[in-house]
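Asker: Protein chains in written order, with our numbering: chain Y, 1 to 214; chain W, 1 to 214.
Everything labelled a hint here was simulated from the structure, so no lab data went into it.
Heads up, some of the hints might be wrong.
Because identical chains share one entry, a pair is satisfied inside a single copy or across any pair of copies.
To be verified - Pairs of lysine to any residue, SDA-like flavour, derived with a Cα cap of 25 Å: (1) 76 - 120; (2) 39 - 164; (3) 155 - 31; (4) 112 - 31; (5) 82 - 207; (6) 76 - 143; (7) 82 - 118; (8) 39 - 81; (9) 171 - 204; (10) 39 - 92; (11) 112 - 25; (12) 68 - 133; (13) 112 - 29.
Number of protein chains: 2
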Amino acid sequence: MEHRGISRAVISRLPRYYRYLGDLLEEGVERISSNDLSKKMHVTASQIRQDLNNFGGFGQQGYGYNVKYLYTEIGKILGLDKNHNFIIIGAGNLGQALANYASFERSGFILKSLFDVNPRMEGVAIRGIPIRMMDELEEFLQQNEIEIAALTLPKSKAIEVADMLVANGIKAIWNFAHTDLNLPKDVIVESVHLSDSLMTLSYNISRRNEGNKK
Amino acid sequence: MEHRGISRAVISRLPRYYRYLGDLLEEGVERISSNDLSKKMHVTASQIRQDLNNFGGFGQQGYGYNVKYLYTEIGKILGLDKNHNFIIIGAGNLGQALANYASFERSGFILKSLFDVNPRMEGVAIRGIPIRMMDELEEFLQQNEIEIAALTLPKSKAIEVADMLVANGIKAIWNFAHTDLNLPKDVIVESVHLSDSLMTLSYNISRRNEGNKK
């Protein structure tokens, strides 16, 4: 599938649709109208109709959307119909928090190992998944098909480790380190910069407080 | 300050400028040209000039930007010249990871307490900051000036806790729970949806893999 017709803006909204449709499925809802979905998601019904028209899956007028069908189709576009093996580099609190999200597994993200430099972590397992030492990483990558590496380690180490991962065939990085990574173009990097997010919050507080003073 | 002239797009780029300027300051760099900053940040020099012209702080042609001045000015716009007291609700791995980011403190975000329901956590401290029990939260909010609450707790509890926080005067929420919060308009919510980010990564992997097949 190439989704030629689907705009970047629609794509950016898909994870949120997927989340709401998943919640509806869990609640046992089989069909939902754009109006009802609109009330839940706090976006206009016409936006929902426009977005979801890209994927079909809508029955006759007045019958609403088939929740399961749409959930599955959007999942396919997001690549969630395939499994993605991943590892976590840095088994500190953040790495362990990610390792404990069992819900990632339900979306096809299979955690194969964590890695750390702290010898006290050696042999410790999280949900049965072992923490290995960094000096085992290269061999591990050669012997296992790993698609994604999550980087939950200090900024000072992140760039060097990312280069090493790429040299060993990793093609996608989920970066939590407080730095940008400049990697070859065919490596996909998705960064979560927590402090950028906190600064956005702080900016919005300032703006609101200034507004209140007027 | 009201930043009437500064567009939303520029504002969204400020945390990244702030991060790079902070790195330069740490390296002892006093001035930098838009060309050098452009190479570091991988954006065009003309974009940088346009963005930073909003804040002044550029010396004579050819002298480059005054790093410290720009860093300070952008910090003010982001509200980082004031302290923001915050608490963390949910002292699991993710809550503890946030509590361990000492760098938040340097930006004025002062962590006052963590809260959890797990009695084994009672009295435990992280970097000297105590974990309290949830039944102490209401009284704590009445006796302390807290501006921001970070929610690092399961989705099933997040909505109820957010409502309680707002009822007790919290006006800004940094939400890590896997759900949207529908709160009064004057409450600022900044959400970090980790699974949305992982799905964006997965979408980009699929798209690249399809591209490679052609």
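Asker: Does each hint hold? Answer for all of them.
Answerer: Taking the hints in turn, this is what the structure says about them:
{"no.": "1", "hint": "76 - 120", "in the structure": "neither (40 Å within a copy, 42 Å between copies)"}
{"no.": "2", "hint": "39 - 164", "in the structure": "between (47 Å within a copy, 23 Å between copies)"}
{"no.": "3", "hint": "155 - 31", "in the structure": "between (46 Å within a copy, 23 Å between copies)"}
{"no.": "4", "hint": "112 - 31", "in the structure": "neither (36 Å within a copy, 46 Å between copies)"}
{"no.": "5", "hint": "82 - 207", "in the structure": "between (43 Å within a copy, 13 Å between copies)"}
{"no.": "6", "hint": "76 - 143", "in the structure": "neither (28 Å within a copy, 50 Å between copies)"}
{"no.": "7", "hint": "82 - 118", "in the structure": "neither (33 Å within a copy, 37 Å between copies)"}
{"no.": "8", "hint": "39 - 81", "in the structure": "neither (28 Å within a copy, 39 Å between copies)"}
{"no.": "9", "hint": "171 - 204", "in the structure": "between (36 Å within a copy, 11 Å between copies)"}
{"no.": "10", "hint": "39 - 92", "in the structure": "neither (40 Å within a copy, 32 Å between copies)"}
{"no.": "11", "hint": "112 - 25", "in the structure": "neither (28 Å within a copy, 39 Å between copies)"}
{"no.": "12", "hint": "68 - 133", "in the structure": "neither (42 Å within a copy, 40 Å between copies)"}
{"no.": "13", "hint": "112 - 29", "in the structure": "neither (34 Å within a copy, 42 Å between copies)"}
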